[in-house]
Each structure stands twice: as structure tokens, then as C-alpha cells.
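K.L.:
Same order as they appear, the protein sequences are chains A and B.
If you count by our numbering, then the first sequence holds residues -15 to 173, one letter each, in order.
If you count by our numbering, then the second sequence holds residues 76 to 301, one letter each, in order.
Careful, some of the hints might be misleading.
Computed beta-carbon distance windows for the label pairs [said to hold, decoys possible]:
(1) B:V130 - A:G32: 16 to 24 Å
(2) A:R75 - B:D81: 28 to 36 Å
(3) A:L73 - B:I150: 32 to 40 Å
(4) A:D129 - B:A147: 56 to 64 Å
(5) A:R67 - B:I150: 30 to 38 Å
(6) A:S115 - B:A142: 32 to 40 Å
(7) B:A230 - A:L73: 53 to 61 Å
Residues from chain A that face chain B, not an exhaustive set, calculated with beta carbons under 8 Å [claimed, not checked]:
(8) D2
(9) A5
(10) A19
(11) R27
(12) A157
(13) L161
(14) Q164
(15) N168
Far from chain A, by Cβ distances over 10 Å, these chain B residues were calculated [unchecked claim]:
(16) V138
(17) F141
(18) W179
(19) S191
Hints listed in this document are in silico derivations from the structure and should not be mistaken for laboratory results.
Here a beta-carbon is modelled for each residue, glycine too, at the ideal position from N, C-alpha and C.
These are the residues of each chain, in order.
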Amino acid sequence: LRRGHPGAALLLFDRHADLVASWLQRILGDEPALASVVAVVFRRVLRGRAKIGVPAEVGLGGGPGGNSLGAAVMRATTTEAARILRRRLWRRRLGAPGRLLFSPWASGGGRRDDPSGGAEETFYRALDRLSPEQRLAFCLATMGDFSDRQIADTCGWSLAKTRARLQSAISVASDLLEPQCLDNRMTSA
Amino acid sequence: VPRQPDDVGLKGLGQRIASLHEARGRRREALAAARAAFIDEAVFAETRRFSRAGVVRGALGLVVLFALVGAAFVIWHGKRWRPPSFVANAAVSGQAVAVTVGRWLSAPEMEDVILSFSDGSRFTLRAGARARLSALSRVGGRLTLERGEIQGQVATKDATWTVQAGPLDFAFSEGAASVVWDPAVDRVALEVTQGRVIVSGACVGREPATYVQGMHPFFDCPDAGL
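Next comes chain A alone, as it looks inside the complex (with noise of 0.2 Å):
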């Protein structure tokens, strides 16, 4: 990969596309230019593979024990959402629709092959309430059962910082999806 051998970024994109484009659809919810955002996440990998090599504990799949290269595409990955989140932010801001958009439910009435009854969407719509940094934080951490210290390594924050942004998300989204929490246990059990 080093020595740009065409070969290996295509390899490295087969091995991990899968679970980048998952995680994409994770945080960012659904996202029209899905395909253009992977290829951009691969690109960044590329771009910084000179500095692919050290051990790292995060690796993709949410669990320690990844390997550094995996590190590398889970650094870029949330980088590149917090890019998206950032300009939605921005052209909500500057008064456009920004992610409602695209949105499916944005006609409202709600999707019509959602099986979570609406959970989703009320999921995505508290997410939209957090800034572009606490919604990483809060993926990471609900989605994928990430620890504070792996969610610091993967978006290259300070621990401090990570707990944080992690309880400002979880105060806010808490209020926002306690309804659908309860319905989720109910379901559950």
C-alpha cells in the first residue's frame, strides 16, 4: 500500500468498504451520496498511508483489537462524517433544509419500510440536535459500544473532551428518545 501499489488500496477497499459505508449509514443516517463519501474516505486513508503503522487499539467492527490499517479507516471515516455533519450544519444555518433535504421522511408522514414504527426516524431528528461532534461521540458510543478511550483515539480528542461531548449528547438525546427507549425494552423483553 506504501509503494501505491494500485492492487493493495483495491484490496483495502474490498476488506473494509462494507463496514465503512455501515458506519457511514450509522452516524450520518441516510446519506444520498453515500457512494462519493466511501470513495472519499478511501482517498484520505490513501493520502495519509505514510503514517499507517503504528499499533492502535481501535479497529473497525467497534472492538479493541483492531489492526492500525483498520484504525486508519475508522479515523477516516469519522472524520469524513464530521466533514458532512458540519456542512448540513452550515446550510441549515444558511437556511437551507440541509439534511431534511434528503431526507425520506422529510414530506413527512414518515417512511413507508420503516419497521421501527417511527423509532428511527425520532432517532435521527434528536441526532439532528447535537452538534456534529457530541453525534460522533454518541454513535460511537450507542452504535458500536465503544469506550471513552477508543471513541478519543478514533476522532483524535482528549479523554476529557470525549466524556463531555458524551454526556452533553446523552443528556439531550435522553430527553428526546426516552419514549422510544422504553418501547425498545418493552420490545426487547
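For chain A, the structure is supplied; the task is to place chain B on it using the hints.
P.N.:
Below, chain B alone, put in the same frame as chain A:
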């Protein structure tokens, strides 16, 4: 005590949403498109001498550079730009007459002739005076007074107007003065009413003399040879 996602059931909800994404399984097409884009933009770009994005960035940079150079030139040129030459008009008996370089103007015995220029400067030929517009440039002009009185008011200090009366030159900018030349007695009178006037010529010595507001000197030039 810090709250954990598990405390309020957020982790369970998040994992359910994640599993919904997995169950939906719509990623195949997106991944195929992403792979094609990645191959085209990243993998093949390694073998290209100039990447497509690099060429676009370079072209944009050149456009911006040219625009900046153009804007700088326009600003610089705009500051230096002056009309190629002042336009002169004379009002004779209430009618405007275009005046060209070299033209003689004579004021009637009972009437003044006003000579106005496009920079706002005005020269008034008093009744009976006669003068010629001998030069016009970007920075002023020159009037040759043959006889009589000319009263001048120069509007801007960027222009210097010179009135030649006999052997003397009266240069004034942003000010007002009147010059009277009587060739019969070879005498020139100056009255500075505003600003200052620099006088040069045979009658004032080697160095030009400067006269300011309120001064009205006389110059006798018997050897004018006119």
C-alpha cells in the same frame, strides 16, 4: 455520576437502529459506485502524471491569479488615469464655442469671455483682452496673453496652468490670480487673490519668484523685445 448510554436504554435503541440499517441491505449499489469512483479517482490517479482534481485546481488557481492581476491593474491604472487632454470651451456672448489649441480669443470691448476647462478651471478674458490657447496636456495648459487682463481660477492642484504675458510666465495651480499685460509700456501686473503664483522669466532674475495671496507686484520689462 456520569451517565452511560446503557442507563437510559440509549445503547439498546442505537443498536436496534444499527441492525435496521444492516437488515435494509441497500449498500450494494452504493458500494459498487464507490468502488468505481475510488478506482477512477484514487487508484488510476496514482499512475497519472497530473490528477484530474489537480488540473482543475491549477486551472482555478490560474483564473483567480489572472483575476487578481487584472483587478490590481485596473485599480492602479484607475488611480493614474487622467483625461487625455482637457477640453476647453469658451462662452462668447452667452454662446458656447469649442476652443482648440492655437486658437486666438478676443474679448469684445464691452464684454468678458469666459474660457472653461474640463477640470473645472476657468479663465476670464476681460473686455478688450486677447489671448491664445497655446497648449493643452494631461496636467494643465498654457495661455498666451497678447494684451489686456486675464483672470484665472484653477480648481485642482493636480493641474498647473501657465499664463504667458510678454517675457514672463505665471504658473498657478489651485488658486486664483489675475494678470494684466500692457505691451505698449512693457509692463505686467499680477494680483494673487488665492493660493500662490510662481513667476519666471527675464524680468525676475534667474530663480522663479513666488507670490502668495494678497500680493500684487508689477514687472517692468523694457527689454522684452516684443
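K.L.:
Give a verdict on every hint.
P.N.:
Now for the hints, and whether the structure bears them out:
In this structure the supplied range 16 to 24 Å holds for B:V130 paired with A:G32, their Cβ-Cβ distance being about 23 Å. A:R75 and B:D81 have their C-beta atoms about 34 Å apart, which keeps the hinted 28 to 36 Å range intact. A beta carbon spacing of about 37 Å between A:L73 and B:I150 agrees with the range 32 to 40 Å that was offered as a hint. Taking the beta carbon of each, A:D129 and B:A147 are about 58 Å apart, inside 56 to 64 Å as hinted.
Roughly 37 Å separates the CB atoms of A:R67 and B:I150, a value that falls within the hinted 30 to 38 Å. Evaluation of the 32 to 40 Å hint for A:S115 and B:A142 yields a pass: the beta carbon distance comes to about 37 Å. Restraint check, B:A230 to A:L73: a C-beta distance of roughly 57 Å satisfies the suggested window 53 to 61 Å. The beta carbon of A:D2 is positioned within 8 Å of a beta carbon in chain B (closest approach about 7 Å), and the interface hint is therefore held.
A distance limit of 8 Å between C-beta atoms decides the matter here; for A:A5 the minimum to chain B is near 5 Å, and the interface restraint holds. This hint holds: A:A19 has a C-beta 4 Å from the nearest C-beta of chain B, less than the 8 Å allowed. Contact between A:R27 and chain B, as hinted, is supported at the beta carbon level, the nearest pair being about 5 Å apart and thus within 8 Å. This hint holds: A:A157 has a C-beta 6 Å from the nearest C-beta of chain B, less than the 8 Å allowed.
A distance limit of 8 Å between C-beta atoms decides the matter here; for A:L161 the minimum to chain B is near 6 Å, and the interface restraint holds. With its C-beta approaching chain B no nearer than about 6 Å, A:Q164 sits inside the 8 Å limit, and its interface hint holds. Nearest Cβ of chain B to the Cβ of A:N168: about 5 Å, under the 8 Å cut. The hint holds. Every beta carbon of chain A lies more than 10 Å from that of B:V138, the smallest distance being close to 24 Å; the non-interface claim holds.
At the 10 Å boundary, the C-beta of B:F141 stays outside the reach of chain A, the nearest C-beta of that chain being 29 Å off. For B:W179, the condition that its CB be more than 10 Å from all CB atoms of chain A holds, with the nearest at approximately 69 Å. At the 10 Å boundary, the C-beta of B:S191 stays outside the reach of chain A, the nearest C-beta of that chain being 54 Å off.
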